[in-house]
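Asks: Chain by chain, the residues:
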Amino acid sequence: MTSTFAVDLEKTSRTANVGIVLLFLLFGAAGIRYSFYFHFFTVAFFFLILLNLHWRYGQRTHTLLANFGFLAQTRYIVESIGPEFRQYLFASDTEERPFSRVERAEVYRKAKGIDSSEAFGTLLDFGDKELKLRHSFYPADKDDLDAFDVAVGAARGLDTTYHVRRPIMISAMSYGALGQNAVRSLARGAKLAGTVMNTGEGGYPKYHLMEGCDLTFQMGTAKFGVRTEDGHLDESKLAALAALDQIKMVEIKLSQGAKPGKGGLLPKEKVTDEIAELRGVRLGHDVISPAHHVECTCAASTVEFIGRIQQVSGLPTGIKFCLGRPDELRAMVQEMGRQDTFPDFITVDGGEGGTGAAPKSFMDDLGLPLFTALPLVHRILQEEGARDRLVVFAAGKLVSPGRQLKALSLGADVAYSARGFLLALGCIQALQCNRNTCPVGITTHQAHLQRGLDIEDKAQRVANYVGALHHDHVELLAAMGTTSSHRLSEKNMYLPAQTTMPSPDKELS
Amino acid sequence: MKHPLLTRAAQGIAAMLLLMAAAMKFLGDPGSVEVFMRLGMDPAGRYLIAAIELMAAMLLLSPFAALGSVIATGVMCGAIIAHVTQLGLVVNDDGGRLFGMLVVVLVCVGYVLISRRKEIPLIGNTL
Ligand SMILES: Cc1cc2nc3c(=O)[nH]c(=O)nc-3n(C[C@H](O)[C@H](O)[C@H](O)COP(=O)(O)O)c2cc1C
Chain P
1 MTSTFAVDLE KTSRTANVGI VLLFLLFGAA GIRYSFYFHF FTVAFFFLIL LNLHWRYGQR
61 THTLLANFGF LAQTRYIVES IGPEFRQYLF ASDTEERPFS RVERAEVYRK AKGIDSSEAF
121 GTLLDFGDKE LKLRHSFYPA DKDDLDAFDV AVGAARGLDT TYHVRRPIMI SAMSYGALGQ
181 NAVRSLARGA KLAGTVMNTG EGGYPKYHLM EGCDLTFQMG TAKFGVRTED GHLDESKLAA
241 LAALDQIKMV EIKLSQGAKP GKGGLLPKEK VTDEIAELRG VRLGHDVISP AHHVECTCAA
301 STVEFIGRIQ QVSGLPTGIK FCLGRPDELR AMVQEMGRQD TFPDFITVDG GEGGTGAAPK
361 SFMDDLGLPL FTALPLVHRI LQEEGARDRL VVFAAGKLVS PGRQLKALSL GADVAYSARG
421 FLLALGCIQA LQCNRNTCPV GITTHQAHLQ RGLDIEDKAQ RVANYVGALH HDHVELLAAM
481 GTTSSHRLSE KNMYLPAQTT MPSPDKELS
Chain C
510 MKHPLLTRAA QGIAAMLLLM AAAMKFLGDP GSVEVFMRLG MDPAGRYLIA AIELMAAMLL
570 LSPFAALGSV IATGVMCGAI IAHVTQLGLV VNDDGGRLFG MLVVVLVCVG YVLISRRKEI
630 PLIGNTL
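Note that the protein sequences, when read in sequence, are chains P and C.
Numbering-wise, the first sequence is residues 1 to 509 according to my numbering.
Numbering-wise, the second sequence is residues 510 to 636 according to my numbering.
No lab work stands behind these hints, which were simulated from the structure alone.
Any given hint could be a false lead.
Unchecked claim - Rough simulated footprint, nothing fancy, chain C against chain P, three-plus residues with beta-carbon under 8 Å: (1) 34 to 42; (2) 72 to 78; (3) 264 to 275.
To be verified - In silico DMTMM-like cross-links for lysine to aspartate or glutamate, where the CA-CA straight-line distance does not exceed 20 Å: (4) Lys-627(C) with Glu-269(P); (5) Lys-142(P) with Asp-457(P); (6) Lys-191(P) with Asp-457(P); (7) Lys-627(C) with Glu-475(P); (8) Lys-262(P) with Asp-128(P); (9) Lys-360(P) with Glu-269(P).
From the three backbone atoms N, C-alpha and C, an ideal C-beta is built for every residue, glycine too.
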């Protein structure tokens with residue numbers, strides 16, 4: 001049965017295509033005979049006829065328009081405004097991606113310092129399919145909790161050992177992906193909140209340095225800021241950066257969840273004069289980083305490279321990757337043991353991670369999700385006797401205290417977030433980070449769009465967000481009957497019963 | 510979007526002529542009044558057309574020049590209809606000056622319209 005409302009597009013459009021010509025003639029006649037005002041319509045229909053001729057006989061790219069004419073155009077128009085329409089009118093509170101309205105609202109409220117109690121019941125599915133945290137019959141006394149403290153570099157006994165004292169850090173986002181106001185708001189907020197911010201792979205972190213916050217310098221695969229002409233490491237530049245007081249750690253980016261196996265990408269729309277200069281690249285071209293560091297071609301060379309960066313920088317130095325094959329990770333960890341060179345931290349980025357720009361299939365189809373990868377990483381490190389030699393950071397939609405504690409339970413020591421902080425800055429998820437048109441002035445370099453992003457105000461929101469997350473972190477830990485996040489383990493989680501999917505990870509590792 | 514100087518020049522010329530035309534209509538220049546009387550549209554229609562011309566001129570000077578050129582082309586088409594059906598090409602013994610101006614504006618905005626057609630809201634991507 002076809003719907004009674006089905007429209008025969010072919011018949012309707014044939015009528016319409018003739019109809020506009022008739023209407024044109026009719027209005028023309030009325031304009032001559034009765035009132036000149038009718039000619040407003042004469043002209044309008046004249047335009048429509050011209051357009052229609054073009055669509056039907058001129059252009060070759062749109063089949064629907066060629067076959068049916070202007071009526072089909074309404075479909076394109078409706079389709080083009082569809083996403084906004086759905087977001088504003090029809091999307092339910094829990095169905096938008098990457099972040100549902102419920103998830104975003106929590107961040108907005110934390111950032112604005114608004115009370116976050118809710119009424120009546122959860123809006124999320126609450127069956128046996130979701131990961132849950134386990135509470136204890138015997139909650140801990142909040143005053144008995146250890147202050148949050150993760151020492152990075154302590155395993156090597158470094159004088160430069162860095163203590164992370166907030167359960168959440170700002171994950172890598174470069175100046176380039178972000179505009180200067182956004183970078184400075186985040187940096188000033190990090191300073192206020194006492195957390196550490198990652199510079200991203202955008203070269204010399206000019207704006208990150210402005211606000212006096214602690215920084216992790218990220219070295220991307222193109223080594224912007226510390227590269228020689230031919231893409232190798234310029235040791236003197238790295239040493240100079242590492243000597244800056246604000247730079248506390250160095251992160252070697254091997255890969256990233258949103259585009260594992262591919263280098264960073266900055267679309268040419270966003271390459272301003274200044275960015276071209278800071279990165280040492282050309283104007284008017286997409287900036288595409290290599291897929292891997294030229295030095296890192298196998299486990300041995302990668303571990304050597306890590307050791308070299310540790311040497312040159314003298315700072316706690318780690319690697320960031322999105323997990324693909326556990327067997328490769330195991331081999332690398334074994335190699336670390338052989339060379340007795342362990343990174344001071346490992347950042348595990350979930351395949352669901354964010355990005356300023358990435359090819360769609362890389363975002364959608366590559367890389368293990370964080371909650372699959374973390375337990376694997378944790379287990380491999382443990383089995384190879386490396387878990388005590390380093391700390392684990394985790395990123396991948398960790399924007400709420402619950403998800404952060406789940407990550408800590410599954411093997412991470414500190415949570416990292418990028419998009420959580422963008423939401424705190426007022427991101428409305430317009431999904432235009434790659435076009436330099438961000439309507440809230442975050443991922444754009446256009447002055448008129450950045451105008452509305454007040455650094456002082458947004459820095460306070462960033463600080464509020466960190467404060468609220470830390471507060472909830474403590475509350476949840478206490479409810480779980482634990483006095484320190486170091487004691488969390490898989491036992492603190494409810495893991496849904498096994499799915500029927502075969503798990504190649506078992507054999508691979 | 511970057512456009513060649515020619516497009517920008519056309520925008521400028523058209524906007525200037527449109528502004529002049531709008532001003533004459535607003536100020537009740539006797540020639541304009543006479544024309545709109547003959548069309549049976551004075552004074553409401555005169556002010557309406559002047560307002561549309563003013564808007565089109567401003568759009569032509571803004572980032573929304575494509576939209577401005579659509580509107581201006583529409584007004585010019587209407588004017589051509591007026592000349593052809595009621596006024597004649599020579600109005601008040603001007604030797605066709607008024608009509609000549611019209612053609613100049615039409616050529617300018619038509620050129621802008623064609624070179625900026627991709628920027629027309631909603632339908633630009635199909636042109
Ligand atoms: C705008 C933007 C820019 C980013 N730039 C980088 C980068 O330069 N280097 C990097 O390793 N990751 C980058 N990322 C990935 C984040 O650091 C993070 O790993 C990922 O988004 C997961 O965290 P989230 O889910 O909390 O956003 C970027 C993410 C976003 C949204």
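Asks: Now tell me if each hint is right for this structure.
Replies: Each hint tested on the structure:
1. 34 to 42: Three-residue rule met by the segment 34 to 42 of chain P, so holds; n is 6.
2. 72 to 78: Satisfied; 3 residues make the cut.
3. 264 to 275: It is violated: at least three residues are needed, and the segment 264 to 275 of chain P offers just 0 whose Cβ sits closer than 8 Å to chain C.
4. Lys-627(C) with Glu-269(P): holds, 18 Å
5. Lys-142(P) with Asp-457(P): Roughly 31 Å between the alpha carbons, so the hint for Lys-142(P) and Asp-457(P) is violated.
6. Lys-191(P) with Asp-457(P): Holds, because 14 Å separates the two Cα atoms, which is no more than 20 Å.
7. Lys-627(C) with Glu-475(P): violated, 55 Å
8. Lys-262(P) with Asp-128(P): Answer violated: Lys-262(P) to Asp-128(P) is near 36 Å, above 20 Å.
9. Lys-360(P) with Glu-269(P): holds, 18 Å
Of the hints listed earlier, those the structure fails to meet are numbers 3, 5, 7 and 8, in rising order.
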